[in-house]
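Student: Could you slot chains B, C and D with the ligands onto chain A? The hints should help.
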Amino acid sequence: MAATDTHLDHDTHDDHHDHPSDRTYVGIAIILAVLTAVEILMFIFEDDMPRNLVKLGLIALMVVKFWIVGSWFMHLKFDSNVLSQLFVAGLILAIVVYFIMLSAFEFNFWNDGFEDPGLPDIE
Amino acid sequence: MSDAVLTPDDVAGHDVAAHDDHGHHETNTGISNNKLAMWLFLSSDCLLFGALISTFLLYRTNISDNTVWEEPADVFDIPFTSLSSFILLMSSLTMVLALSAVNRDDQRNGRIWLLTTAFLGMVFIGGQVYEFTVFREEGLGFGTNTWTSAFFTLTGFHGVHVSVGILLLLGTVFGTRKSGLGKEKGETVELVGLYWHFVDIVWVIIFTVIYLIPIG
Amino acid sequence: MAIIEEPLALEAGEDAVARVERPLGDLTRPQADGSWKDWLFTVDHKKIGIMYGVAAMFFFVIGGAEALLIRIQLATPNGTLLSPEVYNQVFTMHGVTMIFLVIMPLAAAFANYLLPLQIGARDVAFPRMNALSLWIFLFGGIFLNTAWLFGGGADGGWFNYAPNSSVTFSPSNGIDFYALGLQITGIASLVSAINLITTVMNMRPKGMTLMRMPIFTWMNLVVQFLLLFAVPVISIALFQLTFDRLFGSVFFNTEAGADPLLWQHLFWIFGHPEVYILILPSFGIISEVIPTFSRKPIFGYKFMVISGVAIGFMGWGVWAHHMFVSGIGPISVAAFSLSTMFIAVPTGVKILNWLATIWGGRLRFTTAMLFAVGVVSMFTIGGLSGVTHSIAPADTQQTDTYYIVAHFHYVIFGGALLGIFSGFYFWWPKMFGYMLNERIGKWNFWLQIVGFNVTFGPMHILGLQGMSRRIDTYDEDFGFEFWNLVASIGSFIIAAGIAIFFYNIFYSRSQWKKAGMPNPGPDPWDARSLEWMTASPTPEHNFDEDIVVEGPDEFWHRKYGYDENHNVVRIATAEEVAQDGSNTNVHLPSPSYYPIVLAAGLPIIAYGLIFSLWLCIPGAALLIWGMVGWIFEHPDDPNAAHDHHDDHHDDDDPEALETGDDDDDAKELVAASADAGDEN
Amino acid sequence: MTLNSSAARRYTRVALVVLATLLLAACAGDAELDTRSDLAGPEARDIESFMRILLWVTYAVFAFVMAISFEAWRRFRIRGDDYTDDDEWPEQEDENSLLEMLFNTVPALILLIVGGFTIILHMELNSEETNLVTLDVAGSAVEWEPQVVVVGQQWWWEYQYHFGDVDVDQERVETLPNADIVTATQMVIPVGQEIELEITSRDVIHSHWIPSLNGKRDAVPGRQSAPWKIQADEPGVFFGQCTEFCGLSHSRMRMQVVALEPADFQAWVNAQMEGYPLEADDQAYLEALVAGDTPAAENSTQRAINTFRGKCASCHLMENIADDVWSQERVAEQLVAGAAPNLTHFATRTTFAGGIRNVYDPDTGDFNETDLREWLMNPADIKANYAQPANDDDPRMRGMPNLNLTTEEIDDLVGLLKGAGEKPAEFIIEETGVE
Ligand code: HEA
Ligand code: HEA
Ligand code: CUA
Ligand SMILES: [Cu+2]
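Chains as they are written, first to last, in this note's numbering: chain A, 485 to 607; chain B, -5 to 210; chain C, 63 to 742; chain D, 5 to 439.
Rather than coming from a laboratory, the hints here were simulated on the basis of the structure. Do not rely on the hints blindly, as some may be mistaken.
Computed far set for chain C versus chain B, every beta-carbon distance over 10 Å [to be verified]:
1) Ser145
2) Gly213
3) Asp537
4) Ala557
5) Leu675
Which chain C residues stay away from chain B? Per the calculated CB distances, all over 12 Å, these [to be verified]:
6) Val116
7) Gly126
8) Leu131
9) Phe221
10) Pro233
11) Pro294
12) Ile296
13) Met497
14) Ile560
15) Pro614
16) Ile672
No farther apart than 30 Å at their CA atoms in a straight line, the calculated lysine-lysine pairs in the BS3-like style are these [to be verified]:
17) Lys561/A <-> Lys177/B
18) Lys576/C <-> Lys99/C
19) Lys561/A <-> Lys539/A
20) Lys504/C <-> Lys575/C
21) Lys268/C <-> Lys561/A
22) Lys364/C <-> Lys268/C
The C-beta atom is built at its ideal place from N, Cα and C for all residues, glycine as well.
If we strip away everything but chain A, and leave its shape as in the complex, we get (with noise of 0.2 Å):
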């Protein structure tokens, strides 16, 4: 996500290159907050919402917000790339793997096995 920011990365060893200014940092806290009133909101309205909305838009706003706290307050928007490789390479990771695990308990099909699909003799 930071890669397109190449020309924000420093050429000089000067220490650190352009930082936001302070007053884009509260913008950014305003956006937040803005967001999470809306999480609030929805759910307080949960009830008069299809509920896979409320989940979805919940869910995206989880990640919007994850999403800007990382690269701005966290830097990775303009920090080397490889640190965003190695965090999202950990994010990812734990992602997957757990997504897989918890499917694993929700997909093991108790009762209904498959359709015999008639074995080839392998004799």
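Tutor: Leaving out everything else, chains B, C and D with the ligands in the frame of chain A:
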């Protein structure tokens, strides 16, 4: 001789020319060792919280043996938790402001923002302690059912992370009383900040997963 | 200072006296004085590596003795040497010891010793953290084994399935020791993973790109990443287990509706990457040994690297092959069966590349080389039986029988351990300055390989005959007694082989002393990578000068070139190329008291959790003392003689001086607490 | 040099011997597989034949690796201890795209083919066939969809047969209704029928494995396993052993499957539906007891009834003798698993104590009083168990405790158990003989 000989600072064995550029050692990645290590730690922590969150997801609906509630939402105090979540979220703002002040060599504001951040963190922890007490009073113990076990462990681990963060913030503020919190402390503050933001985004997930997303 | 021992040097212009006057002046660092304290407080990656090795070999004798007890018990039907109760503890502790306290730390020994050398660095990125890992591991291992003194070891098997691991089913404290002990050693692995990854990523010399690193370094990098991501998973599982056993939570209590498969998933999500953590260092070792003694570069370097990374990567998607019969549902089983099978592809690439390296070479069968080709053949057997397990339908007949026991001993003993022995023979002169005797070495090898096959070969048969694992006896009429007896005899042949190895160490040393301690020279084997480019044994500062790297196998290319017919010709001798270690002008990180202090706190806290929370107080006190001392410790020993404040430091600006220390304090705090504090 | 080369030859010889041993071992393994001629079910046979093909694939791969190695050793080795002589440098070949491609693709192709067959076999093993067995149960004809609930507990197996119209595919064993037939350690099935197993556990994880009929499947508490099945093509007794480590007496947790012709199976069902058969005066004595009187026991059976009701019935059920004092809740208070073997038809089984002792002497066919006496004297002598409370908070036990029975009580009980059902057919007694 001296330029051929590895110098003390050069444990890293990097390129000799970099020495003239004092104070900023060139590493292969251009990232300081400390920062790289911190990020490695954070990416490892993803798996840690991942395991806790998945355990919670697995046991999310398992509230057997429970005489206290119909569903968890009955005991949650969402406005309260929302507020404390919001406070934690905003502490991320004060944290970047602290870093930005330190990087400007603005020591006074740097300290103020760091202390604010720590304070907000403490408020959050206070809220969590309060919530735990309420739960206990309602009769929800650690071992009441798998839901409570998973809940207390997940939020508790997060609480421990926040508390460590508070110690780090306070350590930074008070540990530099003599030496000052000048620009050269930028990296220190940045590292504390990374940790702090991470703890914050973990809560973003926890808040949604535990409190907001409806069961069923 | 900080976690990065940066101000190793006293900054020029600052005098030692000024430092001693600091309020915490008594927290100066110890000095190297040539006594045992050098070892206790060292932060030198080489000493640390050696201590890892010694500790692991010590645990190996314990784990091996447990194995021999198992084999005596099973040598005859209805054996009575061990009661069922003790047998269960013995095989559990055997597995736990061998995996967590033998193979992993032996790999860590090599990684610590060699990684900085192979990339031409002076030390690891965080020397004190390195010492911390060692002591945490060692104390954790000792803690785990003290379970024997407090009512018996863990008795749930090394993977300790819930709910058999709950207090109801295992009322003794053994499993508490297991959970907390592994938690502690896990912290050690995590700290050292962060340290070594940072080292490899950040501290390579000029010209050493990633694709010029030796395969050994590569494989260890992969291993450290696996540890970085796998350790937290088992940490959580162990926390849950501990909480269940000690604090009344119900993660694995089926009466409260828990699902016991949660433990299995978490354990094996860690556990399968773990087996690659065990094997990849060995793959790295033999990837150095085979080219050296074949006189050829490693065949298919790129594929070797990529396949190693691929193994590490795919290792995350196969864990449920340990759960084929646990009832996870046919779809999952099918998916995991297929994904497991295909791990054989990158592994096969490695095997075949080693064969291609040997092919057309000039092979010298030194002991190191024998062990290395031993790995190639023996690991193949184990890998192939692994593939037969991965066929889920077939595995329903194999799982939890001795066929599995045969598989994993073939890959672990025949792969990981033989590889490590190969490493011993190969790097011994570099580490200790004398060569191990080759003739005795060959006895060692042949006894070990014959004994190994006689022990574990028959287990394939026993398994296919239907002998269950983890049974303390079997009846005569099951038809198991012949092959069990053979296996038991074999295990004593192995023991003889390993005893010979220990003998070899002492014998070779005394011969060497008798001969007037001849130096083996920097490069006794005509080898290829940078660690051979400095004196033997490695001087404390590793290298006298920076090395600028121009390609893979840098050292070799400095010794040899090609003539017009593309034949190899020598252009320099090793002695000409290698550094002689004579530079005394190098400043090294000072020893430190605090790693060992900090580490000592952990087992005490763990005892406290088991026996009485009061004990946690002194434990925590040690921990805090360690951390505080760590932070406020001088970056350097002010009294040490520094005769080399050379001009280099003249450019220090006064401002940096003033604040030199504290700057890092907070960083240190971050690192220390992040890595030790909140992990436990 | 000479010394070295002779040493080298010696090593080569040793290496060859090792290889030969290995090959022999492999063949022996194969031979063992052949001698496992008691493979008696289609599933086991399918797995076996696939496994045999697999083994040959692995032999081939291994032979290839070893052939290359030996040939390389033979051709390219040089001798001598000087590791730095400059003459002997081969061509420094370190890549070859074609070879490297092959190293990837050939194994991948082999595995692709193996994988295809794996999936087919896997689906076959997990498929279900619905076949109904017509049985006469207590006088009425029942269409039984052959299902057996298999429950593991420390350290024995329970088998439940539900003939009624119950859906046994439920998650927890505790919620299952009472079964029509409950037996321990020995599962009896009709030949030629695919039997669906619903495997679960009451305490820790066990694994149910009858190697001659099919692979294993774990018994996980709180879950009922994904479907698993067995089928026997001919009458016989097939042994099994718990294969998931389950604590102290894991090695002594064994079981057998007895496959019977349909008619014999029907007879077995009929017998199992009966309660304990009592003589008229003993029956009268029992009824008096049930009514609350305390009549004096007049013979061994009556004394045994008394002892059983007083000491054994807190855990064991014996229909018609103790069903009024026995209760599931009481058992659950005493045993972690909450169940002990149902003893009503003890004498129709051929093994006891988790399948490690004979009920009948396999040579003479006599009731095995010796072992039974020893067991009743002190069960822990025969089979390690934790017949003591698990910990201070939890008084429940996990095995049969020593009841401190007197010799006379033991004699009486042995007599009672001897009468618990018909003696099974000769061939079962002969084939089951353990130890
Ligand atoms: C060093 C450790 C190590 C290594 C490297 C491996 C490697 C492999 N393992 Fe193993 N395994 C263990 C350690 C290891 N294992 C342990 C400790 C257990 C037991 C845990 C317990 O229950 O206690 C276990 C158990 C285990 C099981 C579970 C069995 C069961 O309990 O039912 C399975 C199932 O799939 C499996 C599979 C594999 C496979 C497919 C590989 C592959 O990576 C192997 C790949 C290698 C080759 C295949 C050989 C070389 C390849 C070629 C020459 C190319 C050509 C080959 C073909 C075309 C096939 N292993
Ligand atoms: C890391 C790897 C490792 C290693 C190296 C070994 C080495 C050996 N193992 Fe181990 N083993 C495991 C890992 C390992 N094992 C694991 C993970 C399990 C599963 C546990 C479980 O089920 O939970 C297991 C289980 C296991 C079993 C199955 C137990 C059961 O299921 O009931 C057996 C049985 O024979 C066995 C035997 C041996 C033997 C004979 C050796 C020999 O190779 C050991 C040789 C070493 C020595 C003999 C010591 C050194 C010798 C000397 C110093 C000589 C002088 C000293 C003396 C004579 C005391 N092992
Ligand atoms: Cu039951 Cu093992
Ligand atoms: Cu595995």
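Student: Look at each hint and say if it fits the structure.
Tutor: Hint-by-hint comparison with the structure:
| no. | hint | verdict |
| --- | --- | --- |
| 1 | Ser145 | holds, 33 Å |
| 2 | Gly213 | holds, 24 Å |
| 3 | Asp537 | holds, 41 Å |
| 4 | Ala557 | holds, 39 Å |
| 5 | Leu675 | holds, 16 Å |
| 6 | Val116 | holds, 25 Å |
| 7 | Gly126 | holds, 33 Å |
| 8 | Leu131 | holds, 35 Å |
| 9 | Phe221 | holds, 16 Å |
| 10 | Pro233 | holds, 18 Å |
| 11 | Pro294 | violated, 4 Å |
| 12 | Ile296 | violated, 9 Å |
| 13 | Met497 | holds, 28 Å |
| 14 | Ile560 | holds, 35 Å |
| 15 | Pro614 | holds, 16 Å |
| 16 | Ile672 | holds, 18 Å |
| 17 | Lys561/A <-> Lys177/B | holds, 22 Å |
| 18 | Lys576/C <-> Lys99/C | holds, 28 Å |
| 19 | Lys561/A <-> Lys539/A | holds, 28 Å |
| 20 | Lys504/C <-> Lys575/C | holds, 22 Å |
| 21 | Lys268/C <-> Lys561/A | holds, 28 Å |
| 22 | Lys364/C <-> Lys268/C | holds, 21 Å |
Hints 11 and 12, counting from the list given before, are not met by this structure.
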